[in-house]
Amino acid sequence: MATAAETAAFLKTIRLFREFAEPELLAFASRLRERTLRKSQVLFREGDAGDEMFLVRRGTMIISKAVTGRVEQVLDRAPAGDFFGEMSLFDRAPRSATLQAETDVELLVLDRDNLNLLIEVNPRAAAAFFQALVGVFIERLRASGNLVAEVTRWGLEATGLDMESR
Amino acid sequence: MTESAPPRPAKLELLVRGEDAESFELRQVSSAAAWLHMRPQRVPEGEFELAEVTSRVDRLPRFILKNTRTERYLMLTEPERFLWGLMDGRTSLQDLATAYVLRYGQFDFDVIPLLIRKLQRAQLLTLTPGSRLRRALARNRRRLILQMAEQALTALERINLASRRVHPVFDRLYRWGGFLLFTRLAALACVALAAAGIAAGVRLWHEADVVARGLGLHPIIALLAVKGLFVLTLALHQVVHGLALVHYGRRVREFGFTFLHGFVPTFYVDVTDIFMASRRARIVTAVSGTLVHLVLGALWFLLAVASPPGFLQAFAAASGMIQWQAFVIALYPFCFIEMDGYHVLVDALGVPTLKHDALAYVGSLLRGSPLVRWGAEARVFVFYVALSAVSVAAFVAFNVWMVIHATT
Numbered sequence: 001m002a003t004a005a006e007t008a009a010f011l012k013t014i015r016l017f018r019e020f021a022e023p024e025l026l027a028f029a030s031r032l033r034e035r036t037l038r039k040s041q042v043l044f045r046e047g048d049a050g051d052e053m054f055l056v057r058r059g060t061m062i063i064s065k066a067v068t069g070r071v072e073q074v075l076d077r078a079p080a081g082d083f084f085g086e087m088s089l090f091d092r093a094p095r096s097a098t099l100q101a102e103t104d105v106e107l108l109v110l111d112r113d114n115l116n117l118l119i120e121v122n123p124r125a126a127a128a129f130f131q132a133l134v135g136v137f138i139e140r141l142r143a144s145g146n147l148v149a150e151v152t153r154w155g156l157e158a159t160g161l162d163m164e165s166r
Numbered sequence: 001m002t003e004s005a006p007p008r009p010a011k012l013e014l015l016v017r018g019e020d021a022e023s024f025e026l027r028q029v030s031s032a033a034a035w036l037h038m039r040p041q042r043v044p045e046g047e048f049e050l051a052e053v054t055s056r057v058d059r060l061p062r063f064i065l066k067n068t069r070t071e072r073y074l075m076l077t078e079p080e081r082f083l084w085g086l087m088d089g090r091t092s093l094q095d096l097a098t099a100y101v102l103r104y105g106q107f108d109f110d111v112i113p114l115l116i117r118k119l120q121r122a123q124l125l126t127l128t129p130g131s132r133l134r135r136a137l138a139r140n141r142r143r144l145i146l147q148m149a150e151q152a153l154t155a156l157e158r159i160n161l162a163s164r165r166v167h168p169v170f171d172r173l174y175r176w177g178g179f180l181l182f183t184r185l186a187a188l189a190c191v192a193l194a195a196a197g198i199a200a201g202v203r204l205w206h207e208a209d210v211v212a213r214g215l216g217l218h219p220i221i222a223l224l225a226v227k228g229l230f231v232l233t234l235a236l237h238q239v240v241h242g243l244a245l246v247h248y249g250r251r252v253r254e255f256g257f258t259f260l261h262g263f264v265p266t267f268y269v270d271v272t273d274i275f276m277a278s279r280r281a282r283i284v285t286a287v288s289g290t291l292v293h294l295v296l297g298a299l300w301f302l303l304a305v306a307s308p309p310g311f312l313q314a315f316a317a318a319s320g321m322i323q324w325q326a327f328v329i330a331l332y333p334f335c336f337i338e339m340d341g342y343h344v345l346v347d348a349l350g351v352p353t354l355k356h357d358a359l360a361y362v363g364s365l366l367r368g369s370p371l372v373r374w375g376a377e378a379r380v381f382v383f384y385v386a387l388s389a390v391s392v393a394a395f396v397a398f399n400v401w402m403v404i405h406a407t408t
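Listed in order, the protein sequences are those of chains A and B.
Each residue of the first sequence is one higher than the last, beginning at 1 in our numbering.
Each residue of the second sequence is one higher than the last, beginning at 1 in our numbering.
Any given hint might turn out to be false.
Claimed, not checked - Here are the in silico distance ranges between beta carbons for each label pair:
#	chain 1	residue 1	chain 2	residue 2	range
1	A	Glu139	B	Pro113	31 to 39 Å
2	B	Ile145	A	Arg140	42 to 50 Å
3	A	Arg45	B	Tyr73	49 to 57 Å
4	A	Val67	B	Thr183	53 to 61 Å
Claimed, not checked - Here are the simulated DSSO-like cross-link-like pairs (lysine-lysine), alpha carbons at most 30 Å apart as the crow flies:
#	chain 1	residue 1	chain 2	residue 2
5	A	Lys39	A	Lys65
6	A	Lys39	A	Lys12
7	B	Lys227	B	Lys118
8	A	Lys39	B	Lys11
9	B	Lys66	B	Lys11
10	B	Lys118	A	Lys65
Keep in mind the hints are simulated off the structure, nothing from the lab.
Keep in mind it's a predicted model, so treat the numbers as computed, not measured.
All C-beta atoms in this analysis are idealised placements derived from N, C-alpha and C, irrespective of residue type, glycine included.
From just these sequences and the hints, can you work out the full model?
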């Protein structure tokens with residue numbers, strides 16, 4: 001079990017918390033829960049309810065979405081220092097993808113209550129958190145667009161469909 | 001002005017979940033691999049008409065293909081009509097390319113994609129993905145044994161260690177002595193070794209009981225060791241194929257290790273560039289690799305004869321036997337296996353899908369509705385299937401007898 005100081009040092013390396021002052025980080029770190037997953041363990045599945053976001057402290061999570069039967073498309077990976085699950089934290093909708101440990105993983109868990117507490121107690125830090133989060137959202141939106149284009153290209157190449165002449 | 005390089009084939013990364021819903025397997029599928037395994041399927045009989053017209057200018061035959069549903073017409077050249085005839089939903093694009101080369105002796109890299117586009121636009125074609133075996137297994141996942149077979153095949157198929165930057169290595173190997181394999185002297189040495197090997201084999205045969213006892217208390221383990229060592233010599237077989245390519249000035253595109261059909265461990269070399277060379281070059285390339293087994297088998301037999309009765313003699317004799325079996329299987333075309341001898345046969349017959357067509361014909365014959373009328377082609381099909389069935393049965397019986405003989 002890591003100490004609050006160790007957790008704070010780790011959080012400092014994550015883009016969302018770069019603008020946090022040391023005392024703010026320490027206070028925030030002490031409220032995060034730790035969770036470990038063994039390799040292949042599923043954290044949550046697409047469609048599950050959830051109101052927590054997760055920070056990857058060690059290992060890699062694999063993010064996938066059901067395609068057909070037992071086949072899922074790998075959308076992305078969340079390596080150490082990355083985070084995921086924030087969408088359900090805000091929109092309260094079911095999980096949009098399945099998250100599974102590709103290796104043994106250590107996570108830090110931030111739930112909605114702790115996020116609300118951060119907003120109430122430290123609005124400056126919360127604003128910095130949300131600003132960084134918006135930046136990440138934009139990057140992920142762009143990456144999603146690129147993925148859609150790449151998958152479309154795959155389909156056209158694999159089937160030999162000639163769209164230019166249609 | 002320089003042309004920009006074509007984009008790399010797109011890849012999809014898929015996660016295939018196990019039955020326990022937690023275990024999973026990651027697979028990367030490139031669009032190029034998927035495309036090669038596609039099996040174009042022309043529209044059913046009755047939805048198209050084909051008429052031949054001969055040009056009065058160049059006297060070359062042309063074909064008019066009509067989609068009777070959409071009333072669209074296409075003009076096909078003779079090679080395109082040939083490819084159209086093969087688009088039966090069972091022949092993959094890779095097989096189409098091979099058939100084209102065997103028939104016309106050359107390959108135009110654009111002809112198949114352009115024809116497919118033309119046919120798709122005229123709504124005369126659909127594309128069906130992949131292996132029939134895998135589709136059959138997928139349909140029967142409820143049966144535990146088939147589900148396990150599918151999982152095992154999938155796992156083994158994922159293993160593919162290969163490199164596409166091997167041509168310079170083969171080029172160097174050829175210059176540093178590999179060229180000697182393609183000289184008259186090497187051919188003579190091969191014949192001499194084969195003769196000596198046969199003599200040694202006959203001598204060992206007469207002492208088979210004594211030789212077999214040399215395997216000692218654990219004959220099965222010893223035979224498995226012989227098989228393991230043999231798998232390594234398959235690499236040498238493929239290296240010689242590659243050297244033959246260099247000998248004829250062609251390019252070695254890939255060398256690697258995989259599980260053939262998902263369960264046979266094997267090394268392989270991509271020799272498709274030899275299709276650009278002469279028929280003689282194709283035959284030499286096909287045969288040269290198999291000669292590795294002839295030579296190694298002869299050497300093992302000679303070692304066995306020179307050794308005193310005991311484990312070494314038995315091991316050498318078993319190794320020689322398996323090498324010569326491999327030589328026969330690789331070169332003998334009638335065993336349902338598409339190996340070197342089969343490729344020489346289909347090259348000579350000009351029937352690139354012989355095995356597939358022959359099995360389909362015999363199947364239809366047994367069901368009482370033959371696909372083609374009895375004639376020269378049908379006779380070839382029946383001959384191929386009958387001889388292959390007898391050969392496989394004889395091979396299995398011989399091996400069963402040999403194992404029983406060695407272990408009792």
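Hints versus structure:
no.	hint	in the structure
1	Glu139/A - Pro113/B: 31 to 39 Å	holds (37 Å)
2	Ile145/B - Arg140/A: 42 to 50 Å	holds (44 Å)
3	Arg45/A - Tyr73/B: 49 to 57 Å	holds (53 Å)
4	Val67/A - Thr183/B: 53 to 61 Å	holds (56 Å)
5	Lys39/A - Lys65/A	holds (19 Å)
6	Lys39/A - Lys12/A	holds (26 Å)
7	Lys227/B - Lys118/B	violated (50 Å)
8	Lys39/A - Lys11/B	holds (25 Å)
9	Lys66/B - Lys11/B	violated (36 Å)
10	Lys118/B - Lys65/A	violated (35 Å)
Hint compliance for this structure: hints 7, 9, 10 are not met, and every other hint is.
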